[in-house]
Amino acid sequence: MSDVIKPDVVLDLKGLLCPMPVVKLQLAAKKLQPGQIIEGVATDPGVMADIPAWARTSGNELLSIEQQGKEYHFVVKKTA
Amino acid sequence: MEKDNKLSMVVFSGDMDKVMAAFIIATGAAASGMEVTMFFTFWGLKAIQKDSSLTGKGLFGRMLGLMNRGGIETIGPSRFNFGGVGRWMMKTMMKQKNVASLRELRDMAIELGVKLMPCQMSMDVLEIDADKMLPAATAPVGVAAFIEEAAHSKITLFI
Chain A
0 MSDVIKPDVV LDLKGLLCPM PVVKLQLAAK KLQPGQIIEG VATDPGVMAD
50 IPAWARTSGN ELLSIEQQGK EYHFVVKKTA
Chain B
0 MEKDNKLSMV VFSGDMDKVM AAFIIATGAA ASGMEVTMFF TFWGLKAIQK
50 DSSLTGKGLF GRMLGLMNRG GIETIGPSRF NFGGVGRWMM KTMMKQKNVA
100 SLRELRDMAI ELGVKLMPCQ MSMDVLEIDA DKMLPAATAP VGVAAFIEEA
150 AHSKITLFI
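Protein chains in written order, with numbering that gives the first Met the number 0: chain A, 0 to 79; chain B, 0 to 158.
Derived by calculation from the structure, the hints in this document are not laboratory data. In this text, all values refer to a predicted model and were calculated from it rather than measured experimentally. All the given hints hold, so there is nothing to weed out.
Pulled from the structure, derived: some chain A residues nowhere near chain B, Cβ distances all over 12 Å: (1) LYS5; (2) VAL8; (3) GLU65; (4) GLY68; (5) LYS69; (6) LYS76.
With a straight-line Cα cutoff of 16 Å, these simulated EDC-like cross-link-like pairs (lysine to aspartate or glutamate) come out: (7) A:LYS23 to A:ASP11; (8) A:LYS29 to B:GLU110; (9) A:LYS76 to A:ASP7; (10) B:LYS49 to B:GLU72; (11) A:LYS23 to B:GLU110; (12) B:LYS56 to B:ASP123; (13) B:LYS96 to A:ASP43; (14) A:LYS29 to B:GLU34; (15) A:LYS23 to B:GLU103; (16) A:LYS30 to B:GLU110; (17) A:LYS23 to B:ASP106.
Here are the simulated distance ranges between beta carbons: (18) B:GLU126 to A:ILE4: 54 to 60 Å; (19) B:GLY112 to A:PRO51: 20 to 26 Å; (20) B:GLY112 to A:ASP7: 20 to 26 Å; (21) A:SER63 to B:ALA150: 36 to 42 Å; (22) B:SER77 to A:VAL40: 33 to 39 Å; (23) A:SER63 to B:GLU147: 37 to 43 Å; (24) B:TRP87 to A:GLU65: 38 to 44 Å; (25) A:ILE4 to B:SER77: 45 to 51 Å; (26) B:SER77 to A:GLN67: 36 to 42 Å; (27) A:LEU26 to B:THR73: 25 to 31 Å; (28) A:LYS13 to B:GLU126: 43 to 49 Å.
We treat Cβ as the ideally placed atom computed from N, Cα and C, and that holds for glycine.
This is chain B alone, in the form it adopts within the complex (with noise of 0.2 Å):
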């Protein structure tokens, strides 16, 4: 198959260190001149999920989406969170030496065109609709629309 100057990706988590490095992958590559695509699935999902959007529909989904509601502001590290005091300081920190925050980098992602798939078997499990996705987001897809993707590219990264 001929690969395309192409990199595609998968975010599974949902950790603020992990999708921060994601989208620096994706922008550096979408600058680049690659075409990127980030297929979002499980805790990745929230990454591009609307800000303070409440989610679930039976008792378990909805206490998942209290637990894990608001954007992609209120996604912790991987490591030290100490229940938000780890972001905060993270943020801080990030912020004091002009790193661009989470939400820049994603405008960023949106603003070169990187293409932004939400996988809809686990927005099903996590019981998350479609409109709670960014507008700048694709339908939702399945694997096999990942698969032909990642088929077509150079590069492809789970993160």
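Pulled out of the complex, with its shape left as it was, chain A reads as follows (with noise of 0.2 Å):
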């Protein structure tokens, strides 16, 4: 996925628990323009229900997420 997408920003969530990964998430989504992609990877379970639900809420675009092993990596495009 990412050598298809070139990402704007990279954030690591490692290690974060609710409601850090959304909160990050925003919090670097208002920093970019519209169109812009961030890639993410995370390690708490929770972010599979909350990143998808955080993108419907906020208006987002989730394009991919996915579990690797104890990793969770997700690509989203700020449309919001």
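Join these two chains into a complex; the hints should help.
Listed below in structure tokens is the structure:
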């Protein structure tokens, strides 16, 4: 995924628990222009539900989210 | 009345666990692009009080201020506080698991633009002056100010 879309920001959310992953994600998204891409990795299993929910509520686009071992990798496009 | 993408919350409790829930919901909503207002009343006021600020004017007010002194770090959980041992235990467990502290959550809420409104009437009753509140808090307000916020909100909560 990351070799297809080049991210504008890479976020390391490893070790963070609720609500910090979505808080950091929003703080990063606020600094970007619409259309720009955020790629991130987290370790809290809760993000599998929370990041898609954050995208729906905030109006941003979730391009992908997947589990890789104990990590959760996601790509979000800022559209809000 | 037209409802905005907004959340309004009354924070009545001054218990560590409940205040934590309040700030988690507030930061989560603000992070999801919602406008958030938190109305702090009675014991909840302590969550937005400056650290180690002594309050009170009369005898009762000063006694209350003494027993209730300190800022957000000094509030204990609603169960199993055991005179502060429970608070220390909870804080230690939270730190071990890398959960954000109450202070960090509050800082995040402020950074995300959450509106912190102190209740004037309970400040009068508990004898807490406006200068004992954090600079990030709004000027003290009454119930009508909260109702105006709540009337425009999709989500309202009482904690």
